[in-house]
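Enquirer: Here is how the chains run, residue by residue.
4 protein chains.
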Amino acid sequence: MKVAIVGANGYSGVELIRLLSQHPHVEIEKLVSHSSSDTAINIIYPHLTGICELELEKAEAKQIAECAELVFFATPAGVSQGLVPELLDKGITCIDLSGDFRLKHPKTYEQWYKRPFTVEKAYLEKGVYGLSEINRETIKTAQLIANPGCYATATLLGLLPAVQMGLIDLQTIVIDGKSGVSGAGRSAKQENIYSEINGGVKAYKIGVHQHIPEIEQEIASLAGVETQVTFTTHLIPMTRGMMCTIYARLREAQPTLKIIEDYKEYYQSEHFVRVRDEGIYPVTKEVSGSNYCDIGIFVDERVQRLTIISVIDNLVKGAAGQAIQNMNIIYGWDETVGLDQVPIYP
Amino acid sequence: MKVAIVGANGYSGVELIRLLSQHPHVEIEKLVSHSSSDTAINIIYPHLTGICELELEKAEAKQIAECAELVFFATPAGVSQGLVPELLDKGITCIDLSGDFRLKHPKTYEQWYKRPFTVEKAYLEKGVYGLSEINRETIKTAQLIANPGCYATATLLGLLPAVQMGLIDLQTIVIDGKSGVSGAGRSAKQENIYSEINGGVKAYKIGVHQHIPEIEQEIASLAGVETQVTFTTHLIPMTRGMMCTIYARLREAQPTLKIIEDYKEYYQSEHFVRVRDEGIYPVTKEVSGSNYCDIGIFVDERVQRLTIISVIDNLVKGAAGQAIQNMNIIYGWDETVGLDQVPIYP
Amino acid sequence: MKVAIVGANGYSGVELIRLLSQHPHVEIEKLVSHSSSDTAINIIYPHLTGICELELEKAEAKQIAECAELVFFATPAGVSQGLVPELLDKGITCIDLSGDFRLKHPKTYEQWYKRPFTVEKAYLEKGVYGLSEINRETIKTAQLIANPGCYATATLLGLLPAVQMGLIDLQTIVIDGKSGVSGAGRSAKQENIYSEINGGVKAYKIGVHQHIPEIEQEIASLAGVETQVTFTTHLIPMTRGMMCTIYARLREAQPTLKIIEDYKEYYQSEHFVRVRDEGIYPVTKEVSGSNYCDIGIFVDERVQRLTIISVIDNLVKGAAGQAIQNMNIIYGWDETVGLDQVPIYP
Amino acid sequence: MKVAIVGANGYSGVELIRLLSQHPHVEIEKLVSHSSSDTAINIIYPHLTGICELELEKAEAKQIAECAELVFFATPAGVSQGLVPELLDKGITCIDLSGDFRLKHPKTYEQWYKRPFTVEKAYLEKGVYGLSEINRETIKTAQLIANPGCYATATLLGLLPAVQMGLIDLQTIVIDGKSGVSGAGRSAKQENIYSEINGGVKAYKIGVHQHIPEIEQEIASLAGVETQVTFTTHLIPMTRGMMCTIYARLREAQPTLKIIEDYKEYYQSEHFVRVRDEGIYPVTKEVSGSNYCDIGIFVDERVQRLTIISVIDNLVKGAAGQAIQNMNIIYGWDETVGLDQVPIYP
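Read top to bottom, the protein sequences are chains A, B, C and D.
At position 273 of the first sequence the residue is numbered 268 (my numbering), and the sequence of numbers has no breaks.
At position 193 of the second sequence the residue is numbered 188 (my numbering), and the sequence of numbers has no breaks.
At position 138 of the third sequence the residue is numbered 133 (my numbering), and the sequence of numbers has no breaks.
At position 1 of the fourth sequence the residue is numbered -4 (my numbering), and the sequence of numbers has no breaks.
Careful: at least some of the hints might be erroneous.
A pair counts as met if it fits within one copy or between any two copies, since identical chains are not told apart.
With a straight-line cut-off of 16 Å between C-alpha atoms, the simulated EDC-like cross-links for lysine to aspartate or glutamate are [what the hints assert, rightly or not]:
#1 200 to 273
#2 200 to 296
#3 200 to 272
#4 253 to 272
#5 253 to 273
#6 184 to 335
#7 116 to 260
#8 116 to 84
#9 -3 to 33
#10 135 to 61
#11 102 to 115
#12 135 to 330
In short, the hints are calculated from the structure, not lab data.
Hey, can you work out the whole structure from these sequences and the hints?
Expert: Next comes the structure, spelled out in structure tokens:
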């Protein structure tokens, strides 16, 4: 199957190239970029020499549709809006790694993304929130996937079982997110140069991170009640990896072991979610380069508060890997095809 | 004034040497170590060549008392217990960086430190919890300082103003701690080798960290009610630095700016506490190598939850620096003497 | 085909597990470890959960031979000596990632490794130095592969074309090696804990590194004259990756471009060696997680000195990857089978 | 004494502020910046809050001369040229951390810096190359100091004793430089963002680094013969620190110990140069934050080649620290005033 990648020269785009190069059913046909066109991708990223040497091109929806059956968008907010409707009309499947089609209400989008949403509602309604493990059934028939944000993926996979089983008081959810710097992309910003980042932790976008509304939307969708969470993001001096430490008050006292068993049962047929045994907590390195989401559970019985540790590789399960997992679901392939990378350790 | 350092070859010991070497009123007279005796400190730490070349010695309380007026303990839990009583009897001032004398109740100590507390109560009662900014008056006349833990220092300086002003619901406190690896000391543990730590975040000692009881003790002491907090610690791939992100529900709605003003007033005469303006959050690098504690404040008005970001250098304000600050207070010297190091940036 | 890994719980062993898990023709049948036996590998390395959960076992040559057709040794110096002869006698193929069978003269081994070599010469002579690109023909029929050291691999792939083409004065070779810390293994040594390594570069084993004799042996073997090199190794604060910067005087003036062309021709049919264009130098990250060796060339025309930059992932092309490449050669499989991992970037 | 800093908002400028804030004889009177004027320095660098809160200003030579007796230039190449002559005419002392006045021949400057040198020769001749330990006598009476480049400082302090004692063949010098990323400054370049740098080593500016001509000039000046060196620079994933590994053939066989003794004697009265004992090599961390240059020596007796390891903190001895050391020399103060910072370790 022939695919195109729009925004191919960012880190998520390059991660798509890495994973799709090893996917047996897919051929990358076109790399689209408006900032670096007319350059071969391996000039920009020499590690791709001999692996993918396609030229980056400027391209309109029409040209993309002519060569590809499926299009991945690894673009900044606001870009996919302008291309997806025409591609859908032409029968192309779209998997959008940006936030453009994640939120059901355009106003919520405009409020959190600080930019207009200009697409007709019919297109927005075609979008399925691509949290593979949770929405598998609707993903199967989707033509447009709104691939979840990295923080949202780690948070929701960690939190949703507790929500669905009614274990926690929804008013008490606090999420402390910790991300590697690759999540900030490859653009040249002073705040992201090595000397500013290395050797320090910093909190950023406190209270205004654009992944908050999609987390709240999905919790509400599952719980049936509107919920607001406290969500704080921190930049960690590492390139890849993400941990969400999630806190919530238990509605009823329960031992750690019981909740671990519940989680293991919840995820028993999921290849990419691994729940740790009691007393063991996942480390971000343990999923590096892979599509796994690893989860650890602890109940602080002194205060009846549940602590959930959820880790992913932000560029894989938090972006390119989950996008490919969703593609596999749509096309009826085994969900793990092309995603069997063993975590790189150490 | 002549001082001795017991446990001089660990990271806190070496940090005491760094800072005391630049202190105008102090002379380091003796370095005590039981693991590395009969070696010059600059053989173990070549960076001290030409700065401090004393030999490490095994020494009993009697020998220490003969040469020093004040003794710093930079020792693992359990060591200072065995030496402090005799030193106090001999009129020596003791500043203990370990946890041995921090907790008022021996049973609490034994429960969290998993080791016996064998000292008579009269000695324990001489100990003053050395959080300089909060307990300055009692520190002035103390003969024994229980220097706070690093996490406790960052947490309490961030949290106590809100507690004292009655801003928050004490039952809702969640503390997400993030520490550099130097806090784990210099001993050769597989889990702390570079390849295991670099490129990853991990949660550790969840629910069992020994700084929890001192945090709760000091909150209770100020608030007048027993309080239990949820406290989770994370290891960050950086050498120095510590951040505590503290969450608590506000008792009454208040804007961020109001609470920042309250904090600035609370700390207005404190040299070592800097409260950031609205929208600016401290980064651990901004205090690196210095005795500062920097604090940022945010109110998530959607959920009326207060987020406090508190950062220190774990080896300075979290250990050796605050110990020296306490020494300065005891001896009536300006509190900043020997502690005017500008943060190293970048 | 069934294989066993001896020394499976070190970093090279775990890297073999990572790569062999993705190899279509191989099944890992037994993991041998004397230090951690009776524990499942995924208890020690949770990232392997669901991927490889074999138990580590103590095992003698006989037991290993019963279950495996090929044995990888990822053991410290001195171990494979004791097992290889018996395995060879039983018809098992051995690929030894340690240094035990690399040096043709037992005395050279004993001098550089500071330990006795106790094997009969007939076994030593069976060993083929497994630098795949150079010794492919002899590897094809080998029963025992002495897999090259990581520094030797990076150095020789960078240097041998110039040696073979007679471009350089062999008496002027200086090699400045730079390695990530994973090369030091996983054992708990104080000098390798994070806080000692992070933020610094250090030179180590100057003039005594055990990879020196194999480098000199292979140069001599190709050049036909005894050669001695200056070789200095540095530890870099990164987990994976290795760069050798190689300097040598040109015998005759030549422009950079000419030598690049010569190198490209030399390696034109080699999948795993990529020679950069003029003015571009490889970065260790560009081969991370992959079996590539990337090479950059520069001639300083002012002094007629050639500078060669050669980078590998020390755990892949420098250890487990090249071992598998050699297995592929022996078994007549395509050399890239199981080794098509795209470098992880960033 | 009142000083001004031009280029105060770069890393060298901020390091000058850190060190000068602790200098007893100096007051920082003016911070000049053309890129960030009208902002307080502590808005750009919050770590300076309460320490230095001066506003950055655009300023001409005249205004600078009115308020300061001495001016530090921490500017990119090409800036100080335009201001220094007028300041010298007004009797102001100038210490230039940039390369503008380091090279005796304008043509050499233009060739390596790729920009014109527009100053009259009389001004250039006033400049003294400020390698404090070597040129102390001429520095004492200088009005203009050309502060050495960081690589040049590490290289020359390591190499000059061997040159002066005639130990080495000058035609065989190879310098392998390794620098932390702070040397690349604070500007927002894609190649310097964290995700590009972390986890990798890269060689850069091979054969064209602008510190080459000043190294060659100073060697020639001491040796009395023109000399050309091979000099290659590498970027290391650390913020601060620099190591130069220097290789040269010995003219006569000598044991390591003899050369170490010669070096110790050469530097016996130098506070800031520490020569390690045999078998011990300096690590960059051992000088971090301090003005030391630490040197290790090894003779590879197999090939009669000398290896010298020289480490500095690139921002201190390689920039701001040596500038202050030169100021101390000029003003007849003790050379260590304001420079007694103990290295930060770990």
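Enquirer: Now tell me, hint by hint, if it's right for this structure.
Expert: Taking the hints in turn, this is what the structure says about them:
no., hint, result
1, 200 to 273, "between (33 Å within a copy, 13 Å between copies)"
2, 200 to 296, "between (32 Å within a copy, 15 Å between copies)"
3, 200 to 272, "between (33 Å within a copy, 15 Å between copies)"
4, 253 to 272, "within (11 Å within a copy, 45 Å between copies)"
5, 253 to 273, "within (10 Å within a copy, 43 Å between copies)"
6, 184 to 335, "neither (34 Å within a copy, 32 Å between copies)"
7, 116 to 260, "neither (38 Å within a copy, 51 Å between copies)"
8, 116 to 84, "within (14 Å within a copy, 72 Å between copies)"
9, -3 to 33, "neither (21 Å within a copy, 48 Å between copies)"
10, 135 to 61, "neither (24 Å within a copy, 47 Å between copies)"
11, 102 to 115, "within (13 Å within a copy, 65 Å between copies)"
12, 135 to 330, "within (11 Å within a copy, 38 Å between copies)"
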